[in-house]
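Sequences listed follow chains P and W, in order.
22 is the number of the first residue of the first sequence in our numbering; add one for each residue after it.
22 is the number of the first residue of the second sequence in our numbering; add one for each residue after it.
Take the hints with a grain of salt, since some may be wrong.
It does not matter which identical chain is meant; a pair holds if it fits inside one copy or across any two.
What the hints assert, rightly or not - Computed list of lysine to aspartate or glutamate pairs in EDC-like fashion (alpha-carbon distance at most 16 Å, straight line):
#1 K64 <-> D49
#2 K64 <-> D103
#3 K64 <-> E117
Don't read these hints as lab results, they were simulated from the structure.
Number of protein chains: 2
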Amino acid sequence: MTQPETVKPEAGTSQPDETLAAYRQSIDNIDAAVIFMLAERFKITQQVGQYKAQAQLPAADPQREQEQVARLRRLSQLAQLDPEFSEKFLRFVITEVIQHHEQIRDDEQIRPDEQGAS
Amino acid sequence: MTQPETVKPEAGTSQPDETLAAYRQSIDNIDAAVIFMLAERFKITQQVGQYKAQAQLPAADPQREQEQVARLRRLSQLAQLDPEFSEKFLRFVITEVIQHHEQIRDDEQIRPDEQGAS
């Protein structure tokens, strides 16, 4: 008899669960990768926020947002990820970014800079 | 006179904005990477969901969740990302995963499997 790769759990057992631990190790690795990617993303959107504040561009850009949603939904299908989830994820991140942009704009308005913006 | 790398925008101009386009290209690359990572994450949590349903383990695990939050907050500081954001992000993903787990458990309950679970 061969041992299956993933041991089928018995209901109600509470022994150290190696199968679950292995899954969680992979999840933790992926989460670390995603966090470092998002840190890089926020560095860029921070620059975008400063640029938009200087150019007096609005923090939100609905047309750009629509294009991003459409693109991520297409990519999700390639990745076999639920497109609804990828849209929710993008809107979650964008909401956070817009709050940062508005904060930057408000800071610029309080503190007149070298272009004399007030 | 030297041209600065990032052209300072004039307020109110609507010319094609190369600076903004360059930032957005990088954001789009990062988003694609994150979407493919999250697709992989959901493949694993899908397996976890099936495993938990078989083992009759609850979909949510508050202690594991606390450990994940604490770990991601530490990683965020290394990555110079707002720890509040990384916690919100993790809770957003976990909420989605738990919904999937509950769906899997409910499906298993409706359709008795080879272990006779009902």
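A quick look at each hint next to the structure:
1. K64 <-> D49: between (23 Å within a copy, 14 Å between copies)
2. K64 <-> D103: Intra 27 Å, inter 11 Å, cutoff 16 Å: inter-copy only.
3. K64 <-> E117: within (13 Å within a copy, 26 Å between copies)
Of the hints listed earlier, there is not a single one the structure fails to meet.
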